[in-house]
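J.: Read off the chains here:
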Amino acid sequence: MKHSSPIALSVFVVIYLVFLYAPIFLLPIFAFNDSAVIAFPLSGFTLHWFKELWGEDVLFRAATNSLIIAVSTAVLSTCFGVLTARAMARHQFIGKKPIFGLIMAPLFLPEIIIGVSMLIVLLQLGLALSLWTVIIGHTLIATPFSVSILATAFNNMDRSLEEASLDLGETRIGTFRRVILPLVAPGLISSLLIGFIISLDEFVIAFFLTGTDPTLPVYIWSLLRFPSKLPIVMALGFLLLVLSLILLSLFEAARRRSERLTGG
Amino acid sequence: MKQQDMVVVSDLRKNFGELQVVKGIDLNIGAGEFFSLLGPSGCGKTTLLRMIAGFETANSGSITIDGKPMEGVDANERPTNMVFQSYAIFPHLNVEQNVAYGLKKSGLSADAVRGRVDAMLKLVDLEGYHKRPSYALSGGQKQRVALARALIMQPKVLLLDEPLSALDKKLREQMQHELRRLQRTLGITFILVTHDQEEALIMSDRIAVMFDGRIAQIGTPREIYERPVNRHVASFIGVMNFLDGTLKSVSKKGLQIASKTFGSIYLAPEQMPAPLEAGAVTLGVRPEMMSVLYKASDQADYELQGKVVSVDYYGDMSFYTIAVQGSKEHLAVCMRNTVGRHVYDEGDAVRLGWSNASMVVLR
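Here the protein sequences come in this chain order: S and A. Going letter by letter, the first sequence gives residues 1 to 264 in this note's numbering. Going letter by letter, the second sequence gives residues 265 to 627 in this note's numbering.
Among the clues, some could well be false.
To be verified - Distance windows between CB atoms, simulated: (1) S/Arg177 x A/Leu283: 47 to 55 Å; (2) A/Pro397 x S/Ser43: 38 to 46 Å; (3) S/Pro23 x A/Asp338: 55 to 63 Å; (4) S/Lys97 x A/Asp338: 28 to 36 Å; (5) S/Gln92 x A/Asp330: 52 to 60 Å; (6) S/Arg177 x A/Gly451: 30 to 38 Å; (7) S/Gln92 x A/Pro397: 31 to 39 Å; (8) A/Pro397 x S/Ile113: 45 to 53 Å; (9) A/Leu283 x S/His91: 17 to 25 Å; (10) A/Ala383 x S/Gly174: 19 to 27 Å; (11) A/Asp330 x S/Pro98: 41 to 49 Å.
Think of the hints as simulated: they come from the structure by calculation, not from any bench. All C-beta atoms, glycine included, are put in the ideal place defined by N, C-alpha and C.
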């Protein structure tokens, strides 16, 4: 077998990256393009689509729904993540490994399976589909991510730090507040952000479990049937892209801070 | 219980599952004493310390600190503070915040807290380090912060869990003296856990030597070193040469021992640290109590001819391993290298001698 030259490898990497990111970079271009048709050549710069976006009431409701769901999912999955990570790091109990495995399982299950089976179960239970049903579904898939992030934070913490705090007269709750929380805070922030992002752009489960209130991805999907609305979707996509980049930067900053604190 | 006992441990036992870690310990530690728990890793010394601190609960037995039973008293309610092996400096706080950590609940004013912190940092030689973040501290400085953080609580007992093991040799020796000085100045009871026999000898008022969950011997450093109760203790605290003998009789006047090589040996009663029955015993002599007899005219109570098997040259002294007739085990002899004194080589024939008073009788 012949070894590829470094130049061939570099070309491969460049092509790979262009294919991966070209569609994403096209998004902002058409969001500012003064034409209802998504096609080259470009017709001129405009902020018109953002103005129209502002007028879309249904879209705003969908965005609000998505935000409510994403925030709830982030908080819930982080809470479950804290409880799980703490239990895994500090306690021994029967069935520890199987329980951990089950909590992490949604990571490997196809979302469509989760969506369909949850839909069947919810309907059998006679529960009406609502924002809550989506929150439950999203929490299920976001929790494994929270657990892995928080497990690192809790495992890296020297147990004698807690003991030192108790030894210095602090209560268990005070120790949690004054030592454990500040030390895992970067992990908490990471977990909240990842839960938020996962929920915000999740489509399959949301599609199955939404009732009359669509989430943003479900709404965008429904918009695609109307070509005239496409530039508005592009404008919305641009805003979401910016939001994601901001959240991603925060996530990275939190992760680095966590490394500095726990890594000594 | 005597009035001056600060810590009293009686028949303390601890299991981790099936494993017995502490197997019945009785201990009285006096107020203001520097007490060391010395033993190899896994002997239960750290578990014992952690039970005194309140981090582990005993399966049976009791601990009393300053006259108060500690059963059901949590670590945060006990009049003890601990210096951890890993120092356990809070990484998100600076030096000042670390040291003042425990005073939050004391109800002291901010000024009073600052005064105490200043005094503590001065005591541990860290003046001006108030705002230094904890990750910017060296090992020795972390050690001092941990010490200040514990001492500022004015504990009745300070517990030290292998506090010097992570420091390099120079710094460790310096800290040994400093800890000793601090303990003398403050008059607080110190309980030190260590596996380093030299450290225990240098620092302690009394030492408890532990093996396998039990205390083998309690005594002053000199008692432990010079009068070990058995071969195990003797070998753990430094090196000791063992010779076979048979204990014939014990009386108030002395001990009579029969030796194949030396015939009848008569020793003082105090040369038997733990009472033994007549029968096979071991005679112990420390390497520095034996000497190489350089000149033909040099004489000693007991003498043996031997051959140097190996020489370890330490600069200030030479450590010989010598094969002698009538003993399978080699003898260790330590000689100070003074002016004009010959350092032998491997294979040289030498004459060894030691005095009657340098021997102990043990199991």
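J.: Next step is simple, just say for each hint if it's right about the structure.
T.: Now for the hints, and whether the structure bears them out:
A C-beta distance of roughly 35 Å is found between arginine 177 of chain S and leucine 283 of chain A, which places it outside the suggested range of 47 to 55 Å. Checked against the hint of 38 to 46 Å, the C-beta distance between proline 397 of chain A and serine 43 of chain S comes to roughly 56 Å, which is inconsistent with it. In this structure, proline 23 of chain S and aspartate 338 of chain A meet the distance hint of 55 to 63 Å, their C-beta atoms being roughly 60 Å apart. At roughly 31 Å, the beta-carbon separation of lysine 97 of chain S and aspartate 338 of chain A lies within the given 28 to 36 Å, and the hint holds.
Distance hint check: the CB atoms of glutamine 92 of chain S and aspartate 330 of chain A are about 35 Å apart, inconsistent with the given range 52 to 60 Å. Between arginine 177 of chain S and glycine 451 of chain A the C-beta distance comes to about 35 Å, which sits within the given range of 30 to 38 Å. Between glutamine 92 of chain S and proline 397 of chain A the Cβ separation comes to about 35 Å, which falls inside the hinted range of 31 to 39 Å. Restraint check, proline 397 of chain A to isoleucine 113 of chain S: a C-beta distance of roughly 49 Å satisfies the suggested window 45 to 53 Å.
At roughly 19 Å, the beta carbons of leucine 283 of chain A and histidine 91 of chain S sit within the given window of 17 to 25 Å. For the pair alanine 383 of chain A and glycine 174 of chain S, the beta carbons lie near 25 Å from each other, so the given range of 19 to 27 Å is met. The supplied range of 41 to 49 Å is met by aspartate 330 of chain A and proline 98 of chain S, whose beta-carbon atoms lie about 48 Å from each other.
The structure fails hints 1, 2 and 5 (numbered hints given earlier, in ascending order).
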